[in-house]
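Listed in order, the protein sequences are those of chains A and Z. The first sequence runs 1 to 415 under our numbering. The second sequence runs 416 to 640 under our numbering.
Read the hints as simulated data drawn from the structure, not as lab findings. Hints are supplied without guarantee of correctness; some may be wrong.
[Unchecked claim] Below, a list of computed lysine-lysine pairs in the DSS-like style, where the Cα atoms sit at most 27 Å apart:
| hint | chain 1 | residue 1 | chain 2 | residue 2 |
| --- | --- | --- | --- | --- |
| 1 | Z | K448 | Z | K491 |
| 2 | A | K315 | Z | K491 |
| 3 | A | K315 | Z | K561 |
| 4 | Z | K491 | A | K403 |
| 5 | A | K111 | A | K256 |
| 6 | Z | K448 | Z | K609 |
| 7 | Z | K458 | A | K331 |
| 8 | A | K406 | Z | K609 |
| 9 | Z | K419 | Z | K448 |
| 10 | A | K315 | Z | K458 |
| 11 | A | K17 | Z | K561 |
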Amino acid sequence: MAKSVNIQIASVHLTSKFWQTFVAIMGVTFGVSMYIFMNSFMNGVNKTQDDLAFSALSHIRIYNHDNNYSYNPIESQYDNSQTVFNIHNRKSIQYTSGIKNSSSIVSLVEKQEEVVAVARQINFSVFFRSGSKKINGRVSGIELEQEDKLFKSSEIVTQGNWNNLQTHKSGIIIGKLLAEDLGLQVNSSINVLTSDGVSRNYIIVGIFESSLKDIDKTKAYLNITAARQLIGENSDYASDILINIKDRDNTVPVVKKLGLLIPFQIESWQEANEQLVAGASLRNVIAIAVSFTILLVAGFGIYNIMNMTINEKIKEIAILKATGFSGNDIKSIFLTQAGAIGLLGGFFGVVLGYLISLLINQVPFNVASLETLPIYFRVQDFVLAVVFGVLTTLIAGYLPSRKAAKVDPVTIIRG
Amino acid sequence: MENKTSLKIRNLVKYFHEPETFQVLKGVSFEVKKGEFLSIVGKSGSGKSTLLYVLSTMDTNYEGTLQINGDLLTGKTQNQLAAFRNEHIGFVFQFHYLLPEFSCLQNVMLPALKLGKYSTKEIEHKAYESLRLLDIEDQALKSANKLSGGQQQRVAIARALINNPSIIMSDEPTGNLDSKNTQAVLDIFKGLAKENGQTIICVTHDTDFANKTDRTIEMADGLII
Chain A
1 MAKSVNIQIA SVHLTSKFWQ TFVAIMGVTF GVSMYIFMNS FMNGVNKTQD DLAFSALSHI
61 RIYNHDNNYS YNPIESQYDN SQTVFNIHNR KSIQYTSGIK NSSSIVSLVE KQEEVVAVAR
121 QINFSVFFRS GSKKINGRVS GIELEQEDKL FKSSEIVTQG NWNNLQTHKS GIIIGKLLAE
181 DLGLQVNSSI NVLTSDGVSR NYIIVGIFES SLKDIDKTKA YLNITAARQL IGENSDYASD
241 ILINIKDRDN TVPVVKKLGL LIPFQIESWQ EANEQLVAGA SLRNVIAIAV SFTILLVAGF
301 GIYNIMNMTI NEKIKEIAIL KATGFSGNDI KSIFLTQAGA IGLLGGFFGV VLGYLISLLI
361 NQVPFNVASL ETLPIYFRVQ DFVLAVVFGV LTTLIAGYLP SRKAAKVDPV TIIRG
Chain Z
416 MENKTSLKIR NLVKYFHEPE TFQVLKGVSF EVKKGEFLSI VGKSGSGKST LLYVLSTMDT
476 NYEGTLQING DLLTGKTQNQ LAAFRNEHIG FVFQFHYLLP EFSCLQNVML PALKLGKYST
536 KEIEHKAYES LRLLDIEDQA LKSANKLSGG QQQRVAIARA LINNPSIIMS DEPTGNLDSK
596 NTQAVLDIFK GLAKENGQTI ICVTHDTDFA NKTDRTIEMA DGLII
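If we strip away everything but chain Z, and leave its shape as in the complex, we get:
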């Protein structure tokens, strides 16, 4: 189990065509093991975020191949990929991005309701568990836009966990958090990787944060250094 491959990319190449054609990724290949906590670092423009969005399956405009849990995802339709993301990938974005009109609890529940594997009652129970894990259960029924940045980030992590995804991806998860909250997020991610065997991939420019992860990939000019 320990050495099972969670995610594998081969020779990823990507161009931006606006405002002029520019090669962002120049042939990137690596593997991530199951339960590994990986961080990708690099300067602005190094292509690290672009790489993450390709890994996330949201960006399909690339050359090369992407495999997650042994499934080849390159060439699948948008709808297939959406269903795959729903079940296997959890996201935490830089600006927490909750749905402001919904309560925290609803925000957490939505991906599970979409998946439709469990009854609403079970999902609610699981959502509360997730929120408790992140120590934010008491805010569950508040509307998402009434929370502070750190709290919102935790709700976003709880949402990423709800479907027990095999991979959690995160773009600058601590980008606008103070050191206390940053530490909390780091601890949560570490726990998930160790205890649940979930793979974590974080893009960050916070070297302190990166140093505490299992492995760090550094990127520059579209290549891994």
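Chain A on its own, in the form it takes in the complex:
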């Protein structure tokens, strides 16, 4: 009962000074809407960037790279610290490289429920030669169907056809800029020279154009069986096994699980591409900093308005106290006002933030794969925006309300 009186008084205070209340609510509204807009925009940017990155990047990569550099044969013999030993001109022996029995690994990986797609690759450096021209580049030996599932590679082939690799035993698909540099078209012949000195001619059955210039300039695709032949490896060999999972942000548990089953290096995209993660986090920091600044300014506005209101109503506060309202009642009256301003501002802020975001999403922006400025909504941004809006107003309202609670009725009533 007593609580509802306080609410009643608070609502009378709010409605009797409409413009003041309105301005306070608008302050919160702008803060909250900017928070939503900034975050949705940054999410959009992050998502676009990720989509671009993941056109050539798998979520998890399994590879075998022997790194026994730390192995010291002498130390293991003489673990007695009294012995002085020295090794001159130490050399490492390469025992293994690549995965010899890839199909057993693939079948293991495919059993995991999080896994969406698995593709094997053989990657190595080569020289592409045509006539007297010689260009350094990389060949990917790929499984057509699986590769397409991971990266939608067939979509970037602009001339010829992705599936030509399947039918054409000595077919190759090369990057557009590489083709231009060598002066070659579809159906031309191209010579590939490996680091082991093996040279072979292939027929260009397709030309691709990705969104990454570097790749267009240096990369070529071979069928994985043709690649195995070229570098003289067995028919189950792969240098990399690429995996896509359901939730790419959740690689850690999958990597952990696979680590127990598979004796090779397993690397998530976050580990391999820290710059992507860093870029996304930095943009988030900017978004949060900007929206918090706006909320802070709104908070000061509310603090000011509440302070003014309390100074104006100091007589009434004295009356309420004289007739039996305690300091806590007075505090709750003014906190209720602040809370109402926060909630209303939060509500309008959500609506306004959503509308602004939709509007920005219509602004043309023709760069890379974009057509308009990117916006991506997440429920948590809306929830957090309202929570922060209400919190800011409550904090801004708390200090003045404490002052109101301390009003001494005697000094006011006596004048």
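Since the structure of chain A is already known, use the hints to place chain Z on it.
Okay, now just chain Z, sitting in the frame of chain A:
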């Protein structure tokens, strides 16, 4: 019942420290019986208003003791005192002091809503009764700042009555009222004291008014003469 003590003070001493230390009350003691209509008179600066605010429990910065209805109020916390005031003390101030944004009816109802003993419907009914008693029922739904001074004073009295307090305190209740309204207020107070047994304590400098009360205490320089 007639001789039951309503309010009792012992040796009240109070200092003002601004602008310089000054003893306002120099050891005041008296008792007020239940149903008594008491007036306190004295010149400006005699300490009569200061005394009233100590009696009202709003001013807690004093030495000595204050008892109301047998409860010792000296040393209680502000929140306890607020709850006590709400239930047992009604106030009428010199400048009527209604909440301007609320209607007269709401002004009267607020202390009862705060007390929370009765439902809103019952409180509204009681508030109308109070307003009728003061002959101002027809103004109930008007906003408080639209009323004349005399009308506001009556609403303030109705508000003081709403919780059936055992004591009604008043600082210059007729300070800015004409003689007709003054008489009306006097009659109302007399009726309350006689019929409901409510104790009334008024601070006034209107000697005519004081002469019509049951007892008058005169103060000068912080002491009862």
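Going down the list of hints, with the structure as the test:
For a cut-off of 27 Å, the pair hint linking Z:K448 to Z:K491 stands: about 23 Å separates their Cα positions. For the proposed pair A:K315 and Z:K491, the alpha carbon gap of about 24 Å is at most 27 Å, so the pair holds. For the suggested pair A:K315 and Z:K561, the alpha carbons sit about 18 Å apart, so the restraint of at most 27 Å is met. Straight-line distance between C-alpha atoms of Z:K491 and A:K403 comes to about 21 Å, which keeps the hinted pair within the 27 Å bound.
A hinted pair counts as satisfied when its Cα atoms are at most 27 Å apart, and A:K111 with A:K256 qualifies at roughly 15 Å. At roughly 12 Å between alpha-carbon atoms, Z:K448 and Z:K609 fall within 27 Å of each other, so this suggested pair holds. Restraint check for Z:K458 and A:K331: not satisfied, since their Cα atoms lie roughly 38 Å apart, outside the 27 Å limit. The suggested pairing of A:K406 with Z:K609 is violated, with an alpha-carbon distance near 38 Å, which exceeds 27 Å.
Note on Z:K419 and Z:K448: the hinted pairing holds, with a Cα-Cα distance of about 6 Å set against a maximum of 27 Å. For the proposed pair A:K315 and Z:K458, the alpha carbon gap of about 26 Å is at most 27 Å, so the pair holds. About 17 Å separates the Cα atoms of A:K17 and Z:K561, which keeps this hinted pair within 27 Å; it holds.
The structure shown violates the earlier hints numbered 7 and 8.
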